[in-house]
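Chain order of the listed sequences is A and P. With the numbering used here, letter number 239 in the first sequence gets 239, and the count goes up by one each step, no holes. With the numbering used here, letter number 116 in the second sequence gets 1116, and the count goes up by one each step, no holes.
Calculated directly from the structure, the hints in this document are not laboratory data. Hints may contain errors.
Quick partial rundown of chain A residues pointing at chain P, CB under 8 Å, derived from the structure [unchecked claim]:
#1 V3
#2 H11
#3 D17
#4 I21
#5 A91
C-beta: ideal position from N, C-alpha, C; glycine also.
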Amino acid sequence: MLVSTPAIILHAFPYGDTSKIVRLATRDLGVQSVIAKGAVRPKSPFGARLQAMSEGTAHLYHRSHRDLQTLSAFDVTNQHASLAAEMRRYAAAAALAELVLRFAHEEPQPVVYDGLAGALAALSEVPSEAVPYAALAALWHEIVLLGFAPTVDACVRCRGTLADRTPFSLAEGGLLCARCGRGAGGGALRGDDRAALHAFAAGRWDAPPLPAPHLAAHRRLLVRFIQRHVADDRAMPALAFWEGLT
Amino acid sequence: MSVIEELTAELAKLPGIGRKTATRLTYHLLKQPAATVTRLAETIRAVGERVHPCTVCGNLSEVEPCPICADPRRDGSVVCVVEEASDIGPIERTGAYRGLYHVLGGRLSPLDGVGPDDLRVDALRSRLGNGSHVREVILATNPSMEGEVTATFVRGVLAATGVRVTRIALGLPMGGELEYADGVTIARALAARREMGEG
């Protein structure tokens, strides 16, 4: 059955002499692996369309019990070429793609798709100084949409009100109130940092400006949260690359 | 595991060769005269033993330095940076380039675990160090998202050297037709348009 669906290319790699295997995030079918036959031939109708992070409409022959679908065409609406012009943008987009590739399903998840599309647009377009914020917002929000939301509105343990200075319990996946957080190890989040975390989880990158060490701490917290609650300590090379870069 | 299964398993490790093709190749080899199979095996062994990356440019060669680096007729003021040694052949076949090369040994691809430390960028920077005659570095990484970001990264690393850094042009292929070109390529071709000279 020929299906047309909004899609984003997460990863593409050569297959044989002339074809490509493409991993797609699709709005209507979830994450799909497709083969683009003859895609690297000089006169292939795919041309330059099958680039990582390109967004458009995928036309694919889909059978529900097949692991590898066949891509018929891909109409690009946004190539997000500006991601390649700045390493930090690209690294964040790659980490985002890795997150979706690993943890989205082969079933319709339009919210996850829309979050990915919005995040890529933000990463492509925000001013350079906002890239670290857009990256944190993109990744935290996608984690939320994938169903691994951290608890940032109330105490993760007792649902009590949060104090001004609140520790983040990595094990429990959220902030702790003053009583539950007594004696908790690790750093605590103060006003601006907590507001920023709240904004990032909601997908907003317009958080209050944070000093560079605080941004680094936010990146560390995000990576550790993903490793603990999402990735089960499996290696995530693109996420590690993003964390190490900025 | 029998030797037939072993050969099939080894062939199946090659890029683009699946289990079925590996089996077909194995049985094809079994039908060949023993001398043919021995010649193939010896050639594979010789390639493994004698071919090494050139310590200067990273090109694959049986001699050190490689014939391109050792050729005094080459223009030592220009270095063309490519992703893989296999990218040198197509450029050489054009006959339009007489400079030197530098093989990065891949391209940035965080999803595949390939980061800056996996590329021969420090070696490139060293080539451009004190006493170098290099005046221009041409970034000829592939026109893909990963190739573009690799070019961006190398440009950043070379910024402090003061060497002119250029990027190969992207756009429509010779003999192609606008009507059949994809929008991405046409957009790139428009962005990279140039003034028409008289020559």
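Verification of the hints:
1. Nearest Cβ of chain P to the Cβ of A/V3: about 21 Å, over the 8 Å cut. The hint is violated.
2. Given the 8 Å rule on beta carbons, the hint for A/H11 holds: about 5 Å separates it from the nearest Cβ of chain P.
3. Taking 8 Å as the C-beta contact cut-off toward chain P, the hint placing A/D17 at the interface holds, the least distance being around 6 Å.
4. Interface restraint check for A/I21: the shortest CB-CB distance to chain P comes to about 11 Å, outside 8 Å, so the restraint is violated.
5. The interface hint given for A/A91 holds, since its Cβ lies 6 Å from the closest Cβ of chain P, which is under the 8 Å cut-off.
In summary, the structure is inconsistent with hints 1, 4 from the numbered list given earlier, while agreeing with the others.
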